[in-house]
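For the record, the sequence lines run as chains F and G. Residue numbering for the first sequence follows this note's numbering, beginning at 2 and increasing consecutively. Residue numbering for the second sequence follows this note's numbering, beginning at 5 and increasing consecutively.
Careful: at least some of the hints might be erroneous.
Said to hold, decoys possible - No farther apart than 27 Å at their CA atoms in a straight line, the calculated lysine-lysine pairs in the BS3-like style are these:
1) G:K43 with G:K111
2) F:K20 with G:K43
3) G:K35 with F:K64
4) G:K43 with G:K107
5) G:K35 with G:K107
6) F:K14 with F:K64
Stated by the list, open to error - Some but not every residue of chain F turned toward chain G, in silico, with C-beta under 8 Å:
7) N60
8) F111
9) G115
Hints listed in this document are in silico derivations from the structure and should not be mistaken for laboratory results. Note that the Cβ used here is the ideal one computed from N, Cα and C, for glycine as well.
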Amino acid sequence: QVDLVQSGAEVKKPGASVKVSCQASGYSFTDYYMSWVRQAPGQGLEWMAWINPNTGGTNYTQKFRGRIAVTRDASISTAYMALTSLRSDDTAVYYCARGGYHTSGPWNAFDVWGQGTTVTVSS
Amino acid sequence: EIVLTQSPGTLSLSPGERATFSCRASQSVSKYFAWYQQKPGQAPSLLIFGASSRASGIPDRFSASGSGTDFTLTITRLEPEDFAVYYCQQYDSSPFTFGPGTKVEIK
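All chains should be built: construct the whole structure from the sequences, respecting the hints.
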């Protein structure tokens with residue numbers, strides 16, 4: 002079955018960086034866009050970025066530009082989200098989510114989600 | 005950035021009742037619109053895509069309609085497992101924004 006498995010929880014100090022991984026299985030990794038979405042404690046969902054795993058092309062929301070990098074290693078069907086200069090308000094659960102077929106563009110709902118990775122930023 | 009507004013914020017209902025809630029977009033998103041359900045401690049799951057199409061495995065008590073700027077999700081008869089938070093999302097243009105959510109709680 003289709004699955005996205007994310008790396009484990011992280012605790013970081015302010016100013017540090019974090020890199021979260023998302024390994025796909027059950028489908029061709031390079032065929033579908035992958036997005037990253039975060040959810041602060043008790044808050045709603047916030048879309049951060051997408052990557053086209055086929056081409057490596059990315060799109061980031063303005064809020065995170067300069068601090069975020071989404072990459073992939075197609076050989077191990079894994080996407081990564083790195084966030085730098087962490088602040089306390091970056092404390093959240095970070096999700097990867099599968100988007101649309103790569104030839105159709107990123108304009109698709111997210112039909113498969115990872116289990117989430119809790120990132121805690123605290124001094 | 006397209007802003008999504010959901011109403012109501014909270015809906016208090018009993019099992020077996022009908023739930024209807026809405027989402028309004030600050031500009032047209034055509035039918036590039038989805039609804040998600042999220043239960044405590046779980047990742048969101050896709051209910052509806054393309055404004056009105058049920059995702060795989062979603063029971064037919066869930067239905068949705070709308071296009072442009074106004075969208076509605078209806079649950080005809082609430083089951084115990086339907087008490088959750090529901091988010092709308094537009095994927096018409098980047099950033100792919102979400103609404104703030106509607107919590108459906110047991111009355």
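* To do: Please work out if K43 (chain G) and K111 (chain G) have their alpha carbons no farther apart than 27 Å.
  => holds (17 Å)
* Going straight from one Cα to the other, do K20 (chain F) and K43 (chain G) come out at no more than 27 Å? -> Holds: K20 (chain F) and K43 (chain G) sit about 26 Å apart, inside 27 Å.
* Taking the closest Cβ pair, is N60 (chain F) under 8 Å from chain G? -> holds (6 Å)
* **Hint status (Cβ of G115 (chain F) to nearest Cβ of chain G, threshold 8 Å)** => Nearest chain G Cβ about 7 Å off; hint holds.
* 27 Å Cα cutoff - pair K43 (chain G), K107 (chain G) -> OK: K43 (chain G) and K107 (chain G) at ~10 Å, within 27 Å.
* Asked: Holds or violated: K35 (chain G) with K107 (chain G), Cα cutoff 27 Å?
  -> holds (23 Å)
* Interface hint for F111 (chain F), Cβ within 8 Å of any Cβ on chain G -> Where the cut-off is 8 Å and the nearest Cβ of chain G is about 6 Å from F111 (chain F), the hint holds.
* To do: With a cut-off of 27 Å on the C-alpha distance, tell me whether K35 (chain G) and K64 (chain F) pass.
  => holds (26 Å)
* Asked: Would the pair K14 (chain F) and K64 (chain F) pass a check requiring their Cα atoms to be no farther apart than 27 Å?
  -> Given that 27 Å is the threshold and the Cα spacing comes to 21 Å, the pair holds.
Every hint from the earlier list agrees with this structure, and none is contradicted.
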